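Just so you know, the sequences run in chain order A and B. All letters in the first sequence, in the order written, are residues 1 to 363 by our numbering. All letters in the second sequence, in the order written, are residues 1001 to 1344 by our numbering.
Fair warning: there could be bad hints in the mix.
Claimed, not checked - Residues on chain A that point at chain B, a partial pick, calculated with CB under 8 Å:
id, residue
1, T73
2, P266
3, A345
What the hints assert, rightly or not - Derived Cβ-Cβ restraints for the label pairs, each shown as a range:
id, chain 1, residue 1, chain 2, residue 2, range
4, A, R269, B, G1049, 19 to 25 Å
5, A, A321, B, T1295, 33 to 39 Å
6, A, R155, B, T1117, 28 to 34 Å
What the hints contain is simulated information worked out from the structure, not anything from laboratory work. Being a predicted model, the structure only gives us computed values, none of them experimental. Beta carbons: idealized from backbone N, C-alpha and C, even for Gly.
Spelled out, the chains give:
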Amino acid sequence: MPAPVPLPLLEVRNLHKHFPIRAGLFARIREQVRAVDGVSFSIGAGRTLGLVGESGCGKTTVGRTLLRLVPATSGQVVFEGRDLLAQSRHELRLLRRRMQIIFQDPYGSLNPRMTIEQIVGEGLFVHGLARGSRLREEVAALLTQVGLRPEVMHRYPHEFSGGQRQRIGVARAIALRPAFIVCDEPTSALDVSIRAQIINLLLDLQQARGLSYLMISHDLGVVRQISDEVAVMYLGKIVEQAPTEELYNDARHPYTAVLLAAIPIPNPRLRENRRLRVRTAVDDDSVPSPVNIPPGCPFHPRCPLYVAKGRPEPCRTTPPALAPLPGQPDHLVSCHFPNEERYTAGQGQATFEPEPAARQNTA
Amino acid sequence: MQTAPRIESPPHAANATPLLEVADLRTWFQTDAGPAKAVDGISFAIGRGKTLAIVGESGCGKTVTALSILQLIPQPPGEFVSGEIRLEGRNLLAVSPAELRKVRGGSVAMIFQEPGTSLNPVFTIGDQIGEAIRLHRGLPPAEVRGEIVRSLNAVHVSDPERRLAQYPHELSGGMKQRVMIATALSCNPKLLIADEPTTAVDVTIQARILDLLRQIQAERGMSILLITHDLGVVAELADDVAVMYAGKIVERAAVGELFDHPRHPYTLGLFGSLPRVDQKQGRLKAIEGSVPAATQFPAGCRFRERCRWAAPECAQEPPLAELTPGHFVACWKAGEIEPPVEVA
């Protein structure tokens, strides 16, 4: 369980989301895709949790499940003291005002047949909070807050660039004065200079409105700038979680180290360190399918530490628990050997030497 | 202010002929709104065994530059308005279609951003690599198979004999990209054009692909033209860097010089915009505004509407001039701008 944060706004407890695979004569359930497989965390008011991982790790499903955009298989999502997964439709509707989402794709997430006024004002209208000229004033104020001119409200999404569309998506998300926003890869479809503008916008809005964010991203650079705390997901589970600077300066899970080491640092001098870069242990490198999650530690088939340590047996047989490090209650690691791998982002090297077979590509 | 900067001379001028020289290339597209000047008068050269990175955002013209070299631009609406593209001294814009076919996939090969859509779904991996080998190297069928296996081994594809018979949908994204690279390398190109080769794959796979490109280049001494938006990837692979904005090269230098002393306001903006994994920055130094459409580039310096140093003289187009030896900048103010961003 995560360390207690004073008065968490949102607390997720042991969330599971399994998708059945049906096949055969009576479409019987043959297998389960364990997309989210026992995830727990909490987010305090005005704070940001970054949720990172590669394609297919389940991070997007966590965001959608906790908003009940897809039904959870089991678990609890306690928001402002109430279990969301147990609310009736009517109660859920009221709670939804308090929690919103910003999507990855600024092209697919705005209805092309609606004007910007209709898109941004829809929530206010549907919840009966503003009509007519009041609604237009509200929309104008929202557009100004996200850095667009109010006159654009009469135009349609196709008239805007990707960055402007993402601003419209942000305006829509903040219209109902939510306390919490799921940001699902809000910058990954954007160019470098536009990405920086949107990150700044999210930071400014958080400060002005005391918002809490769940920042879902594969981009560890973006997450470092925006998050108070970071959780790393792999195959449906959180494998490491810590306050942001702690995680980037003293990563303990080999998967976190591999992720951090994989990101090219914009400094040509660091090429000198390349021989010591930590890489996954296999050339045929891809995340296993969440249908067939490996036994023991799910990362062990790709884990460079497992190989460097001579393939110890517990990694193959016993799933490690997500547990705090001794004396560090807010740094959680799910690894049998959490003290043998320490990695600092940008240092370009790991504290252990992968065996020669594991680095034949990097020579 | 410095003394009047020298107008550019081609880089590597002192060396032997570079492998590829592009001089004053203009690739425009006719549209209803007038010509879109996607590439508008750029010049660069790539030395043998060297990597040049062209870096920029969407719409800057970097991909059109890459496609222009192999003339993979549909004409019309595309048009080569001016320029020469000299591969080992021979102008590719003037050779016959038959000769051009020998160049494509032969001495110049290309890998694309989307490994998923760049492989043909109805042919096996072996068929696709074999096609290039048969067409360009004229090997007897009996030897083609061995060459395919050798190509796959070179890019560390495990169990190549089995992979030969597989179709693209049976491979992961990282494996597809390796197969693309194997195909491109199967005819021993002198120049590999890599257009955003890692943009569509996860970071752990990206790291492996970059390792692979570096290793293969060291083994074979080929040149690479790397097209990317990612300054991290540039720092990993490039020897020289050209920064493009709105169809022009705005800055060009050796990689160490460019990262140590970026001078063009747009380059500075790109560095300031970068959320770094190795530093806590908080709010970023973003560039205001967005890239203008290719049919509506402003007269004079094309960056001036977003530039905090813009001055009256920027209404005149600045030449790409040599500020310090080997470092070219297209900005009237380049001599005065002290980098406000701490760059690595």
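Mind listing which of the numbered hints don't hold for this structure, in increasing order? Violated hints: 1, 5; rest satisfied.
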